[in-house]
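K.L.:
Residues per chain are reported as follows:
2 protein chains.
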Amino acid sequence: MSKGTDTRHAILDRAVALSSRIGLCGLTLGRLATTLEMSKSGLFAHFASKENLQLSVLERATESFLGTVVRPAFKAPRGEPRIRQLFENWLRWAEAMNIPGGCPWVQYAAEMDDQPGPVRDLLVEQQKGWMGILAECVRRAVAEGDFRKNLDCDQFAYELQSLMLGWHHSARLLGDPVAETRARQGFETLLKNAR
Amino acid sequence: MSKGTDTRHAILDRAVALSSRIGLCGLTLGRLATTLEMSKSGLFAHFASKENLQLSVLERATESFLGTVVRPAFKAPRGEPRIRQLFENWLRWAEAMNIPGGCPWVQYAAEMDDQPGPVRDLLVEQQKGWMGILAECVRRAVAEGDFRKNLDCDQFAYELQSLMLGWHHSARLLGDPVAETRARQGFETLLKNAR
Chain S
1 MSKGTDTRHA ILDRAVALSS RIGLCGLTLG RLATTLEMSK SGLFAHFASK ENLQLSVLER
61 ATESFLGTVV RPAFKAPRGE PRIRQLFENW LRWAEAMNIP GGCPWVQYAA EMDDQPGPVR
121 DLLVEQQKGW MGILAECVRR AVAEGDFRKN LDCDQFAYEL QSLMLGWHHS ARLLGDPVAE
181 TRARQGFETL LKNAR
Chain H
196 MSKGTDTRHA ILDRAVALSS RIGLCGLTLG RLATTLEMSK SGLFAHFASK ENLQLSVLER
256 ATESFLGTVV RPAFKAPRGE PRIRQLFENW LRWAEAMNIP GGCPWVQYAA EMDDQPGPVR
316 DLLVEQQKGW MGILAECVRR AVAEGDFRKN LDCDQFAYEL QSLMLGWHHS ARLLGDPVAE
376 TRARQGFETL LKNAR
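One line per chain: the protein sequences are S and H, in this order.
Going left to right, the first sequence walks through residues 1 to 195 as my numbering numbers them.
Going left to right, the second sequence walks through residues 196 to 390 as my numbering numbers them.
Hints are computed from structural coordinates only; laboratory data are not their basis.
We treat Cβ as the ideally placed atom computed from N, Cα and C, and that holds for glycine.
Warning: the hint list may mix true and false statements.
[Unchecked claim] If you anchor each label on the Cβ, the simulated ranges turn out as follows:
id: 1; chain 1: H; residue 1: Pro372; chain 2: S; residue 2: Gly145; range: 30 to 40 Å
id: 2; chain 1: S; residue 1: Gly30; chain 2: H; residue 2: Arg279; range: 46 to 56 Å
id: 3; chain 1: H; residue 1: Ser234; chain 2: S; residue 2: Pro177; range: 42 to 52 Å
id: 4; chain 1: H; residue 1: Phe269; chain 2: S; residue 2: Lys40; range: 51 to 61 Å
[What the hints assert, rightly or not] No farther apart than 27 Å at their CA atoms in a straight line, the calculated lysine-lysine pairs in the DSS-like style are these:
id: 5; chain 1: S; residue 1: Lys50; chain 2: H; residue 2: Lys245
id: 6; chain 1: S; residue 1: Lys75; chain 2: S; residue 2: Lys3
id: 7; chain 1: H; residue 1: Lys387; chain 2: S; residue 2: Lys192
[Said to hold, decoys possible] With the C-beta cut set under 8 Å, the calculated list includes, among others, these residues of chain S facing chain H:
id: 8; residue: Ala109
id: 9; residue: Ala110
id: 10; residue: Asp113
id: 11; residue: Gln126
id: 12; residue: Lys128
id: 13; residue: Gly129
id: 14; residue: Glu159
id: 15; residue: Leu165
id: 16; residue: Thr189
The shape of chain S in the complex, shown without the other chains (with noise of 0.2 Å):
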């Protein structure tokens, strides 16, 4: 990679980051700038407005997620195993890639729905082709013989994913010491229903 790639991908890992906590309506280039100590016109010229920045943003925290969450994941053999390593991955990335607000996924899904226009757009995307990953892991189990074969996979992908989302209000607003249990109890419990 070049030295500026290098630097562009060093400034929205920062920015993921931040964006976080204060979300992506609250991402101006002036915030960064502060944030990064680097002078607005410096970040200007990479981003050139403050929705071009929303959206690499966006870009650069599913490459991120992609690889610390979905790659490895697929080193797993396929069917449960593989469920189960994503839901480990998932679990742990935010802390992995040093974001302190959590999933930024969850601050992002929450912001947006109301705002339309590209930024919303791309996310939508990104949020189906990340359903899509989890439904088709699931169709390879039912095909390996792990999951019953009348299983709704496209259910299965609902409930795990609201799992995901009801443990990051549990751990990261109600602060719950138990959260991470009561997660990891109902990916059991939905494991269990699949064989």
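On the provided structure of chain S, position chain H as indicated by the hints.
P.N.:
Quick look at chain H alone, frame taken from chain S:
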């Protein structure tokens, strides 16, 4: 109720509706004044500060949630019927109250989890109260014999809350036409596992 109280409630209902779309952080006295076509100084006379407005919005949202979701459900018999009614009322409350951005708690939770202060403190207290009400209804359902004796009632409440967060994500962000069907199917599975 006095005319002053009526006016205050009417202002706060509009503020709840607005904050369901733009969040609590975006809810300034100036922005609300524009929406209401009121003078900013008139609003200032009611709320004195943005923080006081945010706290009043949370209190009003709770009154609305208790009056639309919780109290009507308590007219249903204890046990599973009451939990079903809570679920139904919860699915409908944002619509019933003309709150355009869907359940404002989802918005507030994602937004405030990294914003320490009195607003977050009140929100956490309210959300813990709600989880307590849910878990208590589940314990009643165990006592009534609708659910099995060894059921983990707090886990049930966690999973039900998760399903609602998943529904909001799927319906409001992804615009999935079967989001409600999925939430209902997840709810039926939860009930079945609890019996």
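K.L.:
Run every hint past the structure and note whether it holds.
P.N.:
Now the hints, each set against the structure:
1. H:Pro372 / S:Gly145: 30 to 40 Å: Distance hint for Pro372 of chain H, Gly145 of chain S holds at roughly 32 Å.
2. S:Gly30 / H:Arg279: 46 to 56 Å: 50 Å, holds
3. H:Ser234 / S:Pro177: 42 to 52 Å: 47 Å, holds
4. H:Phe269 / S:Lys40: 51 to 61 Å: 55 Å, holds
5. S:Lys50 / H:Lys245: 25 Å, holds
6. S:Lys75 / S:Lys3: 30 Å, violated
7. H:Lys387 / S:Lys192: 14 Å, holds
8. Ala109: 5 Å, holds
9. Ala110: With a closest approach of 3 Å, the Ala110 of chain S hint holds.
10. Asp113: Because about 4 Å separates Asp113 of chain S from the closest Cβ in chain H, which is inside the 8 Å limit, the hint holds.
11. Gln126: 11 Å, violated
12. Lys128: Hint on Lys128 of chain S: holds, closest Cβ of chain H at ~6 Å, below 8 Å.
13. Gly129: 11 Å, violated
14. Glu159: Interface hint status for Glu159 of chain S: holds (5 Å vs cutoff 8 Å).
15. Leu165: Status holds, d = 4 Å.
16. Thr189: Because about 7 Å separates Thr189 of chain S from the closest Cβ in chain H, which is inside the 8 Å limit, the hint holds.
Violated hints, listed in ascending order, are 6, 11, 13; each of the other numbered hints is respected by the structure.
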